[in-house]
Amino acid sequence: MTPTVTPYRSGRPVGRDGFFQLLHAEWTKFRTVPGWVTGVVVAALMVVLVALLAGVSSNQKGSPPVPIGPGGEPVTDSFYFVHQPLAGNGSITVSVPALRSSIPTGPADLRPGIVPWAKAGLIIKQSTRQGSPYAAIMVTGSHGVRMQDNYVHDTAGLPGSVSAASVRRLRLDRSGDAITGYASADGRHWTKVGTVHVRGLGPTAQGGLFVASPPSVHGMGTRGSVSTAVFEDLRTHGRWAGGIWTGDQVGRKSPSFAGYPQNTSGSFTGSDGSFTVTGAGDIAPAVRETLPTGGTLKDILTGTFAALIAVIVVGALYITTEYRKNLIHLTLAAAPRRSRVLVAKAVVLGVVTFVAGLAGAVVAAPLGTWLARANGVYVFPVASSTELRVALGTGALLATASILALAVGTIFRHSAGAVTTVIVAIVLPYLLIANPFMPASVSDWLTRVTPAAAFAVQQTLVPYHQVTSIYTPYNGYYPLAPWAGLAVLAGYATVSLAVAAALLRRRDA
Amino acid sequence: MSAPGIVVAGLRKRYGATLALDGMSFTVRPGVVTGFVGPNGAGKSTTMRVILGLDAVDEGTALIEGKPYHSLRHPLSHVGSLLDAAALHPSRSARNHLLWLAHSQGLAARRVDQVIEQVGLTSAARRKAGGYSLGMRQRLGIAAALLGDPPVIMLDEPFNGMDPDGIIWMRGFLRSLAAQGRAVLVSSHLMSEVQDTAAHLVVAGRGKAIADAGVADLIAAASGGRVALRTTAGAHAMRVLAHAGATVAATGRDTITVSGLPADRIVMLLSESAVPFSEVSAHRATLEDVYQELTREAVEFRAATPTEVPR
Amino acid sequence: MRPALHAEWTKLRTVAGPLWLLLGMIAATVALSAGATSVVTCTSADCGGDVTRLSLTGVQLGQAMVAILAVLVISGEYSSGMIRTTLTAMPHRATAFAAKAITLTGVVAVAGTTAVLGSLLAGRLILHRHGFTAAPGHPALSLSDGPTLRATAGSILYLTLIALLSLGIAAIVRDSATSIGIILGLLYLLPILSQVIGNPHGQRLLQQIGPMSAGLAIQATTNLHSLPLSPWAGLGVTAGWAAATLVAGGLLLRVRDA
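Chains as they are written, first to last, in the numbering used here: chain F, 35 to 543; chain E, 1458 to 1768; chain R, 35 to 292.
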């Protein structure tokens, strides 16, 4: 009779078969490869280093200060102002029979043209200081009558452009803080356009006529324009100083004012309630194009591109190394549910690269901003909630890109191909939109459908409908909202991960 | 005529804190298979890489037919080698792998087909090498080593991953290569693999050759020419044999160890003197014993026995 | 040298990867070029720009695939261990490396010529239909035009120089993923990073030393004064990068243990 053999049973407690154990295993795998840890640290450092470079390489000390509006935002406040003091309440009425604009087509070659947001009308403003509070009612090149105050607020009035056949009459009433604008097409029936409360006008404000003419957009560039308006029947009531009107160019030297076209200048002529005023510039929020020297948080975080390359390499290697060394056999023997292995890898990689990106951005953003400001560079201000979104978004951008690289690496099982595919998919569209020849519609399309859409998460600039400018991704204006842009990249990563999981299940390891 | 075979003299190489080679010297002669044995980490592979000019040494020389490797014009016609059978592009076929090697030596494609046939890979030659078994890759590696029909052949662990048929084929193949007058160096960490093949043995340990001798001599040295004798008349037998000039010692109740006389002479003497005995056997050491003896000191890594696994 | 070249050529043609990469490079280059030219139209008001350069936009994508091929020529051998077989068969490492470089140059030049001429042809056909006709000052793209010929020949040279630069970096770094990361970083990142340099001189300098931003100056046919460097000087910078990385890679290949 054969003796009974007792099968061997390990006395060790059986480990729990949980996802957490898988995560722990993958984390141990990750942190024990010095090259990968270095790659992630390099990613965070690149974000900081480029911010330092951006901060110290600029020097705009001594350039005129950027005018700041009452809301703290940068503004353009350069226009031709025909004014006299208004010491308290009062009203002013005028009719505008003509507003004509000219755009240069070459040096000293001025042609008549349409400047949609050329402005001529009435304004009551705290002072001639740039950025001071105001309210104004105006006719525009092609947006009808508008009432605007404090740079960012805009209300539409009577539509239609102005001509001798359709004269526009405008009235502005001040009563304490409240300023009310009226418009009329015939001088008898007046329509109230709006009442706004302007704080800080002070006891004695400046009031009168103004003409502004913002730059005209041509392709991917702008040309400074000049506009001339004819004013008639100027009448004032209330505590106006009376006597002569003074003509002044407000904001002659300003970073947000490109100046007059060659051989033109601001001026006014006339008396007895009839004036012809010529002016350039704008009374509006500053945008990237009108404030080209300004920096943004996104510029400071340009190191994200370098960080992206580092985390993409790490993400691809995290899986392709297993294939090259056949470690994948061991991994899948230890955890036969293959999709979970991939998810565990994605989670570990995502968390690590998110932390690296977040840490990099949290250090880089304030440091770069502080250095740039110390060197006299104006940095577009952002709310702290926006700054938080940019920092979290930078981390999420790196995490999503590295997970995409992991997924593509699983599909290709080949590191060089995976790394190139992901880098090209994310970075090449960005290079293409930087091509000045690329039409804005194509840039917009590229930043909607390609993974480069994700850079929207770092945008801090907002476009204004009342400022005609070049709102392209290249200038920092993305067609998609910040998180929507990131969602495009996340979509690519999710689909790739699903394909990778399906292939991993179906293929022999 | 230049010196045949491989001459390795005083190789010394340090990787950081580790001394990989510490005065490795030996000679590989034509006409015999030389076994290159030693525990893992003894420096066998490093020595082979140095011979092939892949790794630089801090000191010493390694010459093939009297010349350093890098001065050979068509090196594969002087020495054929197999270091790592897995070092292939997985999607290139075996034939094409050999083809580029042949082109690098100015050899014609005809030669490729010859060596493929020689190692018995003809039927699989046009398949991707990535799908080969380890044994097939070893054969492909041997084919590459034979490509230039070189007088010197050097193989690193060629028995690895081979099935029993493959091992038998490999042994015969190596002996036939030596019989053609080639110098053959074969490394292995398993003695039994080279036991029946090698006529000469280089035993490596801690970066140097601790033995460099013929297999017969090594076994004889380890056996020491001793004969074991089993007899019930121990005292009588010892007298007779001592009288004939042998050194005798009682090693048990019925057993005597004799040295200084061959076994046949002992049988004759005992028979003449009518001493009864039940067994006379030459005490023959195996290569395993020789190896154990020689490398006992040289082993750097020794695994714990299973019972000692800590809980 | 001849046997080494023959061996490297055999290596390159006996696996499918290089051929597919080169075909993919041609397809990607022509496709992106055609895409870039098909999105612009010449209206009477606005029809400026460098149409030759636009027609060769695809080179920016094609170079990435050239880089993969170049990296695989050497890193692929390191990852499988076949580099030892190569260096055993060709112990003169400089010769072996030179053979790799020459073979690579040859195949990239052939594929690059196809890709660049294909892009130019696509541009010629598409631009004409988009209003870029002789009347507003845009005659059809033609190699008989000096600057266009220079841009075309230069783009082919550029692609081969990128291949050599990649080969050099791969010989230094040895790991394929890291090599490709560094190469694409050098090519794509420097122009982006240069935008954050506030100092105009620093910005210009960065554009002058970037292998892509300098080298692609060879594609410019208009507005030459606004380039960071003159066309041939720019291509010279790329050649300098290729030479420096090749020499460094070759030296390291010689002194390092394989």
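For the record, the hints were derived by calculation from the structure and aren't laboratory data.
All values derive from a computational prediction rather than experimental measurement.
The beta carbon of each residue, even a glycine, is placed where N, CA and C say it ideally should be.
Be aware that one or more of the hints could be misleading.
[To be verified] Listed next, the stretches of chain F that the computed footprint assigns to chain R, with coverage defined by at least 3 CB atoms under 8 Å from CB atoms of chain R:
| hint | region |
| --- | --- |
| 1 | 133-139 |
| 2 | 346-356 |
| 3 | 458-467 |
| 4 | 489-501 |
[Said to hold, decoys possible] To spell it out: a stretch of chain E is covered by chain R in this simulated footprint if at least three of its residues, at any positions, have a beta carbon under 8 Å from a beta carbon of chain R; those stretches are:
| hint | region |
| --- | --- |
| 5 | 1505-1519 |
| 6 | 1683-1693 |
Comparing the hints with the structure gives:
1. Only residues whose C-beta sits within less than 8 Å of a C-beta in chain R count toward coverage, and the region 133-139 of chain F has 0 of them, not enough to reach three; the restraint is violated.
2. Residues of the region 346-356 of chain F with a Cβ under 8 Å from some Cβ of chain R number 5, which satisfies the need for three, so the listed coverage holds.
3. For the region 458-467 of chain F, the assignment as covered by chain R holds, since 6 residues bring a beta-carbon within under 8 Å of that chain's beta-carbons and 3 suffice.
4. With a cut-off of 8 Å between beta carbons, the region 489-501 of chain F has 0 residues touching chain R; three or more are needed, and the interface restraint is violated.
5. For the region 1505-1519 of chain E, the assignment as covered by chain R holds, since 6 residues bring a beta-carbon within under 8 Å of that chain's beta-carbons and 3 suffice.
6. Only residues whose beta carbon comes within less than 8 Å of a beta carbon in chain R count, and the region 1683-1693 of chain E has 0; fewer than three means the coverage is violated.
The earlier numbered hints that this structure contradicts are 1, 4 and 6.
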